[in-house]
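Enquirer: Okay, here's what each chain looks like letter by letter:
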Amino acid sequence: MAEVDRLRREIVIASATAGEGHIPSALSILDILWIEYSVIMASQRMRHEEIDRFVLSKGHGALALYVVLSETGAIDKSELGSFGQFESRLGGHPDRLKIPGVEASTGSLGHGMPIAAGIALAKQIQKSEGRVVTLIGDGEANEGTIWETALIATHQQLNNLVCIVDYNHSTDRALMVGSITGKFAAFGWDVVEIDGHDPFEIEESLSREKTTKPLAVIANTIKGKGVKAMENNPAWHHAAPRIDEVKNLLGDN
Amino acid sequence: MRKQFARTAREILNTNDQTIFLLGDIGVFGFNEAMRDHPHRVINIGILEQSTISLAAGLSIEGMIPIVHTIAPFMVERALEQIKIDFGYQRLRGNLVSVGGSLDYAALGCTHHCPGDVSTLLSVPNVEIVVPGTALEFSQLFMSEYDNASITYYRLSESENSESQRVKLGHANFVRSGNQATVVCVGPTLDMTLKAVENFDVSVVYLTSIRPFDYASVRQTSHNGRVLIVEPFYEGTLTHEVVKAFSGTPSVVSNVGIPRSFRSEYGTREEHYAAINFSADRIILELEKLLAGNQLA
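In order, the protein sequences belong to chains A and B.
One gets our numbering by counting positions in the first sequence from 1 and adding 20 to each.
One gets our numbering by counting positions in the second sequence from 1 and adding 52 to each.
Treat the hints as calculated values from the structure; they're not laboratory data.
Be a bit skeptical, because a hint or two may be false.
[To be verified] Simulated coverage check for chain A against chain B, where a stretch passes if three residues somewhere in it have a Cβ under 8 Å from a Cβ of chain B:
1) 136 to 149
2) 163 to 172
[As the list claims (entries may be wrong)] Each pair of labels, with its calculated beta carbon distance range:
3) Gly101(A) with Pro177(B): 27 to 33 Å
4) Gly345(B) with His258(A): 51 to 57 Å
5) Ser299(B) with His258(A): 37 to 43 Å
6) Asp215(A) with Glu210(B): 54 to 60 Å
7) Glu210(B) with Gly93(A): 53 to 59 Å
8) Gln64(A) with Ala201(B): 27 to 33 Å
[Unchecked claim] Computed from the model, here is a short list of chain A residues facing chain B with C-beta under 10 Å:
9) Arg73
10) Val75
11) Gly130
12) His131
13) Gly132
14) Met133
15) Val152
16) His175
17) Gln176
A virtual CB, placed ideally from N, CA and C, is assigned to each residue, including glycine.
Sequences and hints are given; from them, build the entire structure.
Expert: Next comes the structure, spelled out in structure tokens:
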């Protein structure tokens, strides 16, 4: 997708400018966020339906959220250049008190998903139709709160909650999560497994009709997707390129 | 106080449809009627304190007023990061109502002792901390503040004072006037304190609101900088606040509180208090030492 290619460049350049950022974690989820915001939410808006609330539980993917929000108008494009600076609104993790459209200030792994479940529970009590979509990482799935919330969501029948798992295997070297599909199914969720970089599979999974259960979308992804030197290369996890490296990384040379 | 909490809960459930109670599988019996009447807003959420606090933050983001109820160590110490980031940093409103502070669950052993809840929460900006001394005081404070803009921690105690004061968040009560020292006491320690100071010429300031702390009222009582703090949690918890109240004035501060050590015994709260001499006699002893000293000269 041309738009995603452009946003990928913006992520790398923003990180290089700041000397900060988790580029591969952002690139891993960029396709998913782009489809959620540009297709799913856009079509909800056109149909005058309640718009999804999106909670980025793996807050270190913030750069992907920022570039997508810069497309929707929530953030000015020119602001991306301020990423990570002292007075910027755009920090290494997203802050709900600074950026409209950021639903929760995340960064501490394992917080966003239960917050999303709380929003979903409130929506049910308030008889509001909309959904809450949260995105966690497979490393984040090491946190106990993910599975606590998986229990709560089933028990409270939060069929308005969607949890996307960015399964890029980044944590395999520490604590393997194994079959996340099997685990969510065992916790009583509807589960669909997709290629997290295939726009059609992403769109199909996020367009599913509600059932009686919460939905887990297990997205098989590549950490650093689209920047060959970074793909599945842990050395780049929290490393910003120098400005003079950007062209090479983006394949412009 | 716990019974009062259940009564107060029924009242606000009936009057404010945005309130929602999350019980950590404790105190459920007292909420049976409320659960029957409001099944969607009184939830026995289970034994998962960290997720419960985050879930409550999500409810708060949607405009609801969550009230989480469980045992102090599991709410405050296990779920501290959730309180800090999801409520404190994000400035969300909500209420945390604990039981089992300090040695109230003495017989259950060290896992259920929690003299550190208040000092722990003082390390988190934006968390209001309330320690009522009676059921009525809890009701006064909770009814006036449950829907305010902050996260507020209410510490329910098993022991109560014999009389209630008119209390208000952020306000200390000036209950006794004297000249030789100021005794600052908290929540359920008021009776013990008043009994101890009978023969002393000292002021007594009573606190139910730990944060906001009423610096001005505490400062007004000081004639000589001698202060004794009587605190029903780890001793020294309030020293910083009291010294800050007297900033610019030399002061000598003594504390009567729960010693900062693990307690491995069981039994009753009273047995523990006797063992650590958390008593009116100890207050008398500390006051005598404080008044005999000439540290400020």
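Enquirer: Give me the numbers of the hints this structure contradicts, sorted from smallest to largest.
Expert: Result: no hint breaks.
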